[in-house]
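Visitor: Okay, here's what each chain looks like letter by letter:
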Amino acid sequence: MFVLEIKDLTYTYGGGTPFEKTAVDHVNVGVEKGEFLGIIGHTGSGKSTLIQTLNGLLRPTSGTVLLNGKDIWAEPKKIRAVRFQVGMVFQYPEHQLFEETVLKDICFGPSNMGLDQKQCEERARRAAEFVGLPDELLGKSPFELSGGQKRRAAIAGVIAMEPEVLILDEPTAGLDPQGRDMLLSQISDYRTKKGNTVLLVSHSMEDIARCADRVLVMNEGKAVMLDTAGEVFARGRELERMGLRVPQITGIMLDLMEKGYPVHPVLTVDRAVGELLPLLRKGGDRP
Amino acid sequence: MIRNITLGQFIPGHSLIHRMDPRMKIALTFAFIIFLFIASNFAGMLLMVALMFVVLLCSGVPLSLYFKSLKGILFIVLFTAVLNLFYGGGTVVWRCPFFPVMQITDGGIGNAVFVSVRIVCLILYSSVLTFTTSPTELTDALERIMKPLKVLHIKVHEIAMMMTIALRFVPTLLEETDKIMSAQKARGADMESGGVMQRIRSLIPVLVPLFVSSFRRAYDLAMAMECRCYHGGEGRTKMKQFHLTKVDAGAAACTALICAAVIFCTAYFPASLR
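Line by line, the protein sequences are chains B and G.
Quick note, the first sequence lines up with residues 1 to 287 if you use this note's numbering.
Quick note, the second sequence lines up with residues 1 to 274 if you use this note's numbering.
Rather than coming from a laboratory, the hints here were simulated on the basis of the structure.
Computed from a prediction, not measured in an experiment: that's the story for all the values here.
Accuracy of the hints is not assured; some may be wrong.
[To be verified] Below 30 Å or equal to it, Euclidean Cα-Cα: the simulated DSS-like pairs (lysine-lysine) are: (1) B/Lys-21 - G/Lys-71; (2) G/Lys-179 - B/Lys-104; (3) B/Lys-194 - G/Lys-179; (4) G/Lys-179 - B/Lys-7; (5) G/Lys-179 - B/Lys-222; (6) B/Lys-78 - G/Lys-179; (7) B/Lys-7 - B/Lys-77; (8) B/Lys-140 - G/Lys-246; (9) G/Lys-179 - B/Lys-21; (10) B/Lys-7 - B/Lys-21; (11) B/Lys-259 - B/Lys-282; (12) B/Lys-193 - B/Lys-140; (13) B/Lys-259 - B/Lys-78; (14) B/Lys-194 - B/Lys-104; (15) B/Lys-33 - B/Lys-259.
[Unchecked claim] Partial chain B-side listing against chain G, Cβ under 10 Å, derived: (16) Asn-55; (17) Phe-98; (18) Gly-109.
Note that CB positions come from ideal geometry on N, CA and C, so glycine has one too.
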């Protein structure tokens with residue numbers, strides 16, 4: 001049973017005008033419950049449009065999005081309920097902060113769901129803890145926080161709605177390497193603790209290789225690959241043709257394979273060390 | 001939805017009017033508007049309408065676009081026309097059976113038509129200016145025209161620069177608004193239902209971030225300008241110099257001729273021709 005199912009989805013901007021452009025072209029994807037799906041694609045490949053149809057911000061030109069087997073547009077008036085179940089963190093989410101205090105801002109989502117103040121604050125504190133925002137920051141104005149803290153607060157604002165599916169669009173863009181690692185592991189933790197589904201759009205192949213179970217590759221509005229991260233990145237040359245790359249270490253391993261060494265296109269440095277060390281020990285026998 | 005707002009409706013092209021010096025275009029537009037009000041009889045007005053049609057056809061912009069620009073003011077035209085129907089002398093054509101004070105006279109009908117034509121001409125002619133002149137050209141030309149005001153210690157260059165920046169950032173801010181609205185909607189913000197007060201309140205989550213980001217952009221822009229040693233208009237040269245050409249001379253001559261004719265009409269034809 002898929003938690004989210006995209007069936008033959010097409011989205012066209014500016015339909016009926018000379019500026020018509022099909023951003024998403026007959027895409028079929030099933031997202032399984034509890035999985036971590038990475039979405040990659042060149043700029044303008046339709047990733048952002050695709051994810052915005054998943055929580056009903058954009059209404060597909062044709063095709064359907066099924067959430068737990070039900071068409072999300074079956075009752076257009078209840079589309080807000082879908083947005084609470086499919087949480088969306090946009091690029092640079094810190095730009096959406098607006099309340100007087102961080103706590104109030106995180107409460108915005110839950111209070112729109114109609115929860116009372118006590119429940120909202122409870123959820124907000126839990127969400128803040130998930131993203132590693134210390135308690136003493138919650139009373140501050142969001143505009144006093146540092147860039148990384150703002151980002152966390154904004155992500156907490158979506159997590160506080162406790163959505164079944166969490167979609168993140170480039171959540172690590174512009175963060176320092178440490179902040180990046182921390183944020184990714186917090187998102188991974190969030191998924192394992194809650195058993196929720198996570199969709200991550202990223203330009204960093206390293207991030208995707210590290211977190212994602214499966215990877216969806218978009219190119220010119222079409223879903224061109226959907227497979228495990230290992231299988232997708234093993235097709236490095238095809239990805240390069242679409243203007244994408246593979247994680248650095250996978251690239252090295254692919255080069256070695258082309259030279260005839262008996263290695264596999266692994267995704268992590270640890271695995272690569274495990275494969276390369278025995279080869280080095282044997283020594284000398286170049287192909 | 002928010003993208004449907006058309007602002008700075010410049011339509012690029014290479015027509016005669018496009019090639020004119022923007023300073024001349026502004027000056028001639030002013031002259032045209034002034035003479036629209038000088039022309040006080042139908043003969044004069046006919047000349048102005050004829051001039052306007054020649055200019056419209058020369059601009060190379062599809063006529064349908066001009067008529068679209070009229071849609072927005074249709075109400076104002078109708079309103080003034082109806083109001084004018086009841087003001088004017090002459091023979092009574094129709095009298096309201098309930099309020100005898102309200103009467104339509106032939107003079108009133110003449111007034112209504114005259115005023116409507118005047119407003120429509122006003123809008124169409126200024127549309128020519130905005131359709132054929134890019135916002136940058138427009139502000140640049142305004143700066144040149146207002147240069148003499150420097151004597152009065154008015155910072156002409158700064159005002160023009162502010163106008164340019166404001167126009168430049170309209171699309172950027174529209175895009176930003178769209179993004180923030182999506183982000184707040186994703187958090188369940190409800191902007192489509194509720195009463196007036198509730199709708200106004202639901203704008204706060206959009207306006208506050210928009211305000212903050214405008215300031216951020218302003219600081220960034222100021223920094224970038226300083227980095228490129230911008231220090232105001234003092235001793236600043238222009239990359240694009242304006243030159244008056246034969247086209248400008250021709251346009252000016254045509255307009256002058258028509259204006260002279262309008263003055264002649266006003267002076268020699270009795271006003272009763274209206």
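Visitor: Each hint needs a verdict: does it hold in this structure or not?
Guide: Evaluated hints:
1. B/Lys-21 - G/Lys-71: holds, 28 Å
2. G/Lys-179 - B/Lys-104: Holds, because 21 Å separates the two Cα atoms, which is no more than 30 Å.
3. B/Lys-194 - G/Lys-179: Roughly 29 Å separates the two Cα atoms, so the pair holds.
4. G/Lys-179 - B/Lys-7: holds, 26 Å
5. G/Lys-179 - B/Lys-222: Measuring from Cα to Cα gives roughly 24 Å; hence the hint holds.
6. B/Lys-78 - G/Lys-179: holds, 22 Å
7. B/Lys-7 - B/Lys-77: holds, 21 Å
8. B/Lys-140 - G/Lys-246: violated, 66 Å
9. G/Lys-179 - B/Lys-21: Holds: G/Lys-179 and B/Lys-21 sit about 19 Å apart, inside 30 Å.
10. B/Lys-7 - B/Lys-21: holds, 20 Å
11. B/Lys-259 - B/Lys-282: holds, 17 Å
12. B/Lys-193 - B/Lys-140: Holds, at about 28 Å.
13. B/Lys-259 - B/Lys-78: At roughly 57 Å apart (the allowed maximum being 30 Å), B/Lys-78 and B/Lys-259 break the hint.
14. B/Lys-194 - B/Lys-104: holds, 24 Å
15. B/Lys-33 - B/Lys-259: At roughly 40 Å apart (the allowed maximum being 30 Å), B/Lys-259 and B/Lys-33 break the hint.
16. Asn-55: holds, 6 Å
17. Phe-98: OK, holds: B/Phe-98 within 10 Å of chain G, min 4 Å.
18. Gly-109: holds, 4 Å
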